[in-house]
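Sequences listed follow chains L and C, in order. FYI, in my numbering the residues of the first sequence are 1 to 149. FYI, in my numbering the residues of the second sequence are 1 to 525.
Since the hints were derived computationally from the structure, they do not count as laboratory data. For every residue, glycine included, the Cβ atom is placed at its ideal position computed from N, Cα and C. Some hints could be false.
Stated by the list, open to error - Residues from chain C that keep clear of chain L, each with C-beta distances beyond 12 Å, as calculated: (1) Arg65; (2) Gln72; (3) Asp129; (4) Gln153; (5) Lys218; (6) Lys280; (7) Asn287; (8) Ile353; (9) Gly375; (10) Tyr378; (11) Ser410; (12) Ala468; (13) Ser476; (14) Asn491; (15) Pro497; (16) Val522.
Unchecked claim - To give an idea of the chain C side of the interface with chain L (calculated C-beta under 8 Å), a few residues: (17) Met89; (18) Arg101; (19) Arg108; (20) Asn178; (21) Ile179; (22) Gly219; (23) Leu343; (24) Ala421; (25) Val438.
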Amino acid sequence: MEFIRNEPSDKETTRAMLRVLLAKPGLDSHDRGAKIVARALREAGMEVIYIGVTAEPRTPEEIVSSAIQEDADVIGLSMMSPIHIRVVSRIRQLMQDAGARIPIVVGGIIPDEDVPKLKELGVAGVFGPGSPLGDIVTCIRDQCDRGGS
Amino acid sequence: MKEERFTPSGIPLKPVYTSADVDGDPCLPGEFPYTRGIYPNMYRSRPWAMVQVTGYDLSEDTKKRVEFYAKQGIAHYEGNASAHLVFDMPTLLGLDSDDPRIYDEIGRNGVHINSLKDMEALFHGWPLDRTHASLISFATTPLLLAMYVAMAQKQGVPLEKLVGSVNNCPLLGPVAENILIFPLLPSFRLSVDVIKFCLRNLPQVNPFVLSIYDCREKGATAIQELGISMALGTALIQECIKAGLRAEEVAPKILFFFNVERHFFEEIAKLRAARRLWAKIMKEKFNNLDPKSQALRLYTHTASASLQAQEPLNNIARAAIQALAAALAGVQVIDVPAYDEALGIPTEQAAKIAVKTQRILMHETGITDVADPLGGSYYVEWLTDRLEQEAMSYLDRIEKLGGYIAAVESGFLPADVEASAYKFHDEVDRGERMIVGVNCFRSDERTPIKTFQYNTDAADIAVARIRALKAERDNSRVNAALANVRAAAVNGQELMPAFVEAVGQYATIGEITGTLRGVFGVYKK
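Whole structure, please, built from the sequences with the hints as guidance.
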């Protein structure tokens, strides 16, 4: 698995930075939004572990195990294909099985009627096209302030 | 007014342009370097082809939509039926329907084709010799083309009668849509193999569509779009020459697939500059004086990424203005997306308006009467010159890094395009770039629109089909054909004949791609 990450210059300060695992579940290749968000989070001082698009499907199992292994404070999921409900349900299940509680934030093309469904599944924020980057940054910070980690 | 103005790619603009800003008269349409168009009378002799790309769910679902477009009068040149097809991710990445990891993606955002059976169902009942088929696929182009060929052979249609084009351009993957399976070198080999096969067997099929469109959708600027496309075009011709082909054979068969984005004049100037750049590259780099090689054919799709999810009806205006820019630039093909495409697959209602937009443009505005109506405009000619220069220096930068492949592998091109995407988004966020209904002039009320609904049974049907197929075909023949594919890949032989044989035995897209993954490996960023 390839990671693109920004290593903090000083290892000592690692946990002072919020750590976000940003992933594109499934096969969808439209990663323009995810990469822009990754950059915005980095510029806001967070550490971003981006697991992006490959020729193999990115499974919920892989996302959850990466998030736990990397001790992520938040999981960000970017999806354009209408797979979000199933992916989020599965990730929640896997986290429960592993005894992990990591807040999830979702971005991408999400039909209006699915937003409440995602919220019911415990998703902390849903960001559709045109969402200001500042709002995404704030939402992720709020999750961590609430004692996510 | 004091404030400075720039085009989106950063070219500073003066408030007015005069004869002092341009050198002499531009050439005539139909003459080198084809800035003003590739035909002397342009749309009077050959209007642009109206195209509607489609693909979703299973073969039979997509077939219905293609037939719907035919009913709307969508046809290609010579009255041929027109099927411009996009495929779902499993098809594009060569994964089979029964792979549990892809279940949710079957038929999403493209039609699901897993074996020759699906291709046969899609084209059932259409005369292949009267159909213009465009397969907009990336790394699995050779397999989809092989299916099309095997289908024609089974029906007894002579291959030289097949008409259409295959995208065949996964090579932009690392800087565009990422739809790349194999590393760049074997990917080039496969693309060149398809070109060779088409030149020999399918004289009416365009074997390569350089799809720089996707790179622009990813956030590249107009200058990057020009520079990167010219660098890739150059690399492709070089690879073809290495494989024993001549530039004069290959170049006339290539289409360039450009985006038409928001900035009206920069986009028009960009398309004019693209023709001039290519003509000069042919002449100066390849000493290719053949007019058919130099005259660049432009396929355009207006900018899907400019369509907004907020107030979607506004997208009708956006697409119409972008289509107008394409027509004023003298392109050969225009595809207009529907207003609801920021939300999903277009509904029939939305698709109808996209078709009518082009009809209004072609038949109500008089735009086809006179070639290159903007030729000689001080501003447009100056901006064309300026974009040509900027693109040339970008191309030089790529060449200095060792050419297209080296500039991708060093990470320069992916990072540079990503930086442009971020800059654009940042400008929108800060309100420096206005998007109506998104960051300015927002309406308070939200009009819900009806969006497309997928066939919820598609995935289950596809899984059942692939299981049935694997049970009923002659598996010893399939295995023998896959062994031939493997041998051809290992020994550096041409692969297309082995693909045609394998798909003809109903080997699946996943089985053949899996065989190739075993030999070539996969692309690693």
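We went through each hint and held it up to the structure:
With a closest Cβ-Cβ approach of about 18 Å to chain L, Arg65/C is found to remain outside the 12 Å limit, as its non-interface label requires. At roughly 26 Å, the least C-beta separation between Gln72/C and chain L is larger than 12 Å, which holds for a residue marked as non-interface. Residue-level check passed: Asp129/C sits 34 Å from the nearest beta carbon of chain L, beyond 12 Å. Interface exclusion of Gln153/C from chain L stands, the closest Cβ pair being 30 Å apart, more than 12 Å.
At roughly 5 Å, the least C-beta separation between Lys218/C and chain L is not larger than 12 Å, which violates its mark as non-interface. With a least beta-carbon separation of about 31 Å from chain L, Lys280/C lies farther than 12 Å from that chain, consistent with its non-interface assignment. The claim that Asn287/C is not at the interface with chain L holds, since no C-beta of that chain comes within 12 Å of its own (minimum 38 Å). Every Cβ of chain L is farther than 12 Å from the Cβ of Ile353/C; the closest lies at roughly 20 Å, confirming the non-interface assignment.
The claim that Gly375/C lies off the interface holds: its Cβ sits roughly 35 Å from the closest Cβ of chain L, which is beyond the 12 Å cut-off. Taking the minimum C-beta to C-beta distance to chain L, about 35 Å, the non-interface status of Tyr378/C holds against the 12 Å cut. A cut-off of 12 Å between C-beta atoms confirms that Ser410/C is not in contact with chain L; the least separation is 15 Å. The beta carbon of Ala468/C is kept farther than 12 Å from every beta carbon of chain L, the shortest such distance being approximately 23 Å.
Distance check on Ser476/C: its Cβ is at least 29 Å (rounded) from any Cβ of chain L, clearing the 12 Å threshold; non-interface status holds. Its beta-carbon lying about 24 Å from the closest one in chain L, Asn491/C satisfies the requirement of being farther than 12 Å from that chain. The claim that Pro497/C lies off the interface holds: its Cβ sits roughly 25 Å from the closest Cβ of chain L, which is beyond the 12 Å cut-off. Look at Val522/C: its CB is around 5 Å from the nearest CB on chain L, not clear of 12 Å, so calling it non-interface is violated.
Among the interface hints, the one on Met89/C holds; its C-beta lies about 4 Å from the nearest C-beta in chain L, closer than the 8 Å criterion. For the restraint placing Arg101/C at the interface with chain L, the shortest Cβ-Cβ distance is roughly 4 Å, inside the 8 Å limit, so the hint holds. Here the hint on Arg108/C is kept, as its CB sits about 5 Å from the closest CB of chain L, short of 8 Å. Because the smallest distance between the Cβ of Asn178/C and any Cβ of chain L comes to about 4 Å, under 8 Å, the interface hint for this residue holds.
Look at Ile179/C: its Cβ gets to within about 5 Å of chain L, closer than 8 Å, so that hint holds up. For Gly219/C, the interface hint holds, the least distance from its beta-carbon to any beta-carbon of chain L being 6 Å, beneath 8 Å. Hint status for Leu343/C relative to chain L: holds, with the closest Cβ pair at about 7 Å, below 8 Å. For Ala421/C, the interface hint holds, since its Cβ comes within 8 Å of a Cβ in chain L; the closest pair sits about 6 Å apart.
Given hint, Val438/C at the interface with chain L, holds; its Cβ is 5 Å from that chain's nearest Cβ, closer than 8 Å.
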